[in-house]
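Asks: Sequence:
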Amino acid sequence: MAEPALKVVPKEKEPTDLSKVTSAELIYKTHTPELIFALCGFMGTDIHLISDRLIYIMENDFGYVCQKIKISELIRKNADGPELINLPEGSTPEYVRVKNLIHQGNHLRSKFGESVLADLAIHLIGENRVKEATTLEENEGKTTGQQLVFKPRKVCFIIDSIKNPAELNILKTVYRRLLYCIGIFSPYEMRETYLKNKQLQPTEIVDLIEQDSHEEIKHGQGVRDTFVYADYYLRVDSVTQGYIDMRLSRFLHLIFGTSIITPTKDETAMFSAFSASSNSACLSRQIGASITDKDGNVISVGWNDVPCYHGGMYRSDSNHDLVGKEDLRCINFKNGQCQNDFNKNLLCTKLSSKLKEAGLISADDIEKVTSLLKSSDLKRLIEFSRAVHAEMHAIIIGSQKTGSQMVGGSLFTTTFPCHNCARHIVLAGISTVYYIEPYLKSLATILHSDSITENETTDKKLRILLYDGVSPRIYNRMFNYQDISKKDKDGIYIRRITREALPRFMETLEALYSLESTATKKLQTKDWHF
262 MAEPALKVVP
272 KEKEPTDLSK
282 VTSAELIYKT
292 HTPELIFALC
302 GFMGTDIHLI
312 SDRLIYIMEN
322 DFGYVCQKIK
332 ISELIRKNAD
342 GPELINLPEG
352 STPEYVRVKN
362 LIHQGNHLRS
372 KFGESVLADL
382 AIHLIGENRV
392 KEATTLEENE
402 GKTTGQQLVF
412 KPRKVCFIID
422 SIKNPAELNI
432 LKTVYRRLLY
442 CIGIFSPYEM
452 RETYLKNKQL
462 QPTEIVDLIE
472 QDSHEEIKHG
482 QGVRDTFVYA
492 DYYLRVDSVT
502 QGYIDMRLSR
512 FLHLIFGTSI
522 ITPTKDETAM
532 FSAFSASSNS
542 ACLSRQIGAS
552 ITDKDGNVIS
562 VGWNDVPCYH
572 GGMYRSDSNH
582 DLVGKEDLRC
592 INFKNGQCQN
602 DFNKNLLCTK
612 LSSKLKEAGL
622 ISADDIEKVT
632 SLLKSSDLKR
642 LIEFSRAVHA
652 EMHAIIIGSQ
662 KTGSQMVGGS
672 LFTTTFPCHN
682 CARHIVLAGI
692 STVYYIEPYL
702 KSLATILHSD
712 SITENETTDK
722 KLRILLYDGV
732 SPRIYNRMFN
742 YQDISKKDKD
752 GIYIRRITRE
762 ALPRFMETLE
772 ALYSLESTAT
782 KKLQTKDWHF
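The number in the working numbering is simply the position in the sequence shown, starting from 1, with 261 added.
Derived by calculation from the structure, the hints in this document are not laboratory data. One or more of the hints may lead you astray.
What the hints assert, rightly or not - Heads up, simulated PhoX-like pairs for lysine-lysine below, C-alpha to C-alpha not over 25 Å straight-line:
1. K392 <-> K787
2. K640 <-> K615
3. K747 <-> K526
4. K459 <-> K360
5. K635 <-> K611
6. K415 <-> K747
7. K433 <-> K331
8. K290 <-> K433
9. K392 <-> K329
10. K479 <-> K782
11. K372 <-> K787
12. K617 <-> K331
13. K479 <-> K290
14. K640 <-> K629
15. K640 <-> K702
16. K392 <-> K433
17. K372 <-> K479
18. K702 <-> K605
19. K617 <-> K629
20. K783 <-> K338
21. K702 <-> K479
22. K787 <-> K338
23. K617 <-> K640
24. K281 <-> K329
25. K595 <-> K635
26. K479 <-> K783
27. K782 <-> K329
28. K415 <-> K331
29. K360 <-> K331
30. K433 <-> K360
31. K787 <-> K329
32. K290 <-> K412
33. K526 <-> K722
34. K360 <-> K526
35. K629 <-> K479
36. K331 <-> K392
Stated by the list, open to error - Per label pair, the in silico range of CB-to-CB distance:
37. V326 <-> D506: 14 to 22 Å
38. N321 <-> K526: 26 to 34 Å
39. S577 <-> E355: 49 to 57 Å
40. V282 <-> E320: 27 to 35 Å
No residue lacks a Cβ here, since even glycine has one placed at the ideal position from N, Cα and C.
Let's have the full structure, built from the sequences with the hints guiding it.
Replies: Right under this line is the structure:
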């Protein structure tokens, strides 16, 4: 990229008469219709298919010039770590290739920061813009310097694909409303088949899927923790894979405002669940849930928090309890100690003492053994929590208010239900659960394989499926059309020409150049290849 010290100005088609425009209009003139799509998907999901279809629609329907940025290529070109040599004997070539690619990506993140691969993508985007900019000499009074003149462009960059939360975070920080993250997901069986077709062995498939989802290192693969912050969720399974273009086009029409699109019943229900999660003061995480009847109408919502006497949850009440004296949630209970964590730690300490009493360990080993126990699967225990889970809250409220209306309905939750809630969801007669965030502690599909499945094609069991649609995080922005004139002076609906449309939300070129330059400063420490 050019040096950030250069002065940046937007290119105007014709001179502006300052007496005839407002300051807001002047700023709007600096905006660019550029778009950046970051794709995030779990190992074995055909992300490249989605990338190609997105490019096809953007180029043919919306008149954009598209460029794909493959993170895997950036890793290959800049790999400078040692190759993995301790892989199991008989490993397939594809397994060795993927493991080394992951290893080299992790090495780069460890050496240059968790966001470095996204920083490289930002550099490519900035360089592309600079190459199309023009320069002119400035001579005003005593100053003489060079101006870099940018022009708004209908250019779209598809980043295929991001794997670490820091990567998405820096992209959103730099590009703000120009950046849309698409989370792509296929059921395990489909991903397994996809990887089998690449000649991978079953044990290799399990290993790669687990490593890709979540590594216990900040600079590692973290698709699970990145995916949850997507702006649009695209489930690709045996039922929905034939509608990829239609669903991508719908999201793009929302971005461009080329059609008045209202939320689906699923999107409304998940937004209700997401909104309900804001009521939670749980020290671990905020979770929300909503339940719809079989026609898709929301009949109850719930969130995870501590119940109080006389029914209901503790809540902040500005009229009755302004300073929270009567609020005895965990933040105000026993010095703010999470009781689930406290009792799990206490259990580990007691087990260590029992081992010492039995003569199995020495007094010197107690601290080490206690630490090992705390890091074992004992940390997955959930029964010591004071909080009612969001799904249980929604079921109880739904039962009180609507009786049997939830039978045959659906439950929407921001996080995959735990095994405790799962059995109650089955009992309530709910037919389908939709979730966004995975939950590793849940044993729902293992303990209740007779009545719960993740197979979208069956109607013989409770189906637990990944949510599909606009993220509740951007629900209000996408479905609020106050920024668009929907009818002309005669009251006729204004039909916008798709290929001429600009995104509803844009950013200034001047800010982009500055932010890109700042985000890529760290890249000066190495000679990178692009």
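Asks: Does each hint hold? Answer for all of them.
Replies: The hints, checked one at a time:
no. : hint                      : result
1   : K392 <-> K787             : 22 Å, holds
2   : K640 <-> K615             : 19 Å, holds
3   : K747 <-> K526             : 23 Å, holds
4   : K459 <-> K360             : 14 Å, holds
5   : K635 <-> K611             : 12 Å, holds
6   : K415 <-> K747             : 23 Å, holds
7   : K433 <-> K331             : 18 Å, holds
8   : K290 <-> K433             : 22 Å, holds
9   : K392 <-> K329             : 17 Å, holds
10  : K479 <-> K782             : 21 Å, holds
11  : K372 <-> K787             : 11 Å, holds
12  : K617 <-> K331             : 55 Å, violated
13  : K479 <-> K290             : 40 Å, violated
14  : K640 <-> K629             : 16 Å, holds
15  : K640 <-> K702             : 9 Å, holds
16  : K392 <-> K433             : 23 Å, holds
17  : K372 <-> K479             : 12 Å, holds
18  : K702 <-> K605             : 14 Å, holds
19  : K617 <-> K629             : 12 Å, holds
20  : K783 <-> K338             : 18 Å, holds
21  : K702 <-> K479             : 20 Å, holds
22  : K787 <-> K338             : 13 Å, holds
23  : K617 <-> K640             : 21 Å, holds
24  : K281 <-> K329             : 41 Å, violated
25  : K595 <-> K635             : 21 Å, holds
26  : K479 <-> K783             : 18 Å, holds
27  : K782 <-> K329             : 23 Å, holds
28  : K415 <-> K331             : 20 Å, holds
29  : K360 <-> K331             : 17 Å, holds
30  : K433 <-> K360             : 28 Å, violated
31  : K787 <-> K329             : 23 Å, holds
32  : K290 <-> K412             : 10 Å, holds
33  : K526 <-> K722             : 22 Å, holds
34  : K360 <-> K526             : 41 Å, violated
35  : K629 <-> K479             : 24 Å, holds
36  : K331 <-> K392             : 20 Å, holds
37  : V326 <-> D506: 14 to 22 Å : 20 Å, holds
38  : N321 <-> K526: 26 to 34 Å : 30 Å, holds
39  : S577 <-> E355: 49 to 57 Å : 54 Å, holds
40  : V282 <-> E320: 27 to 35 Å : 33 Å, holds
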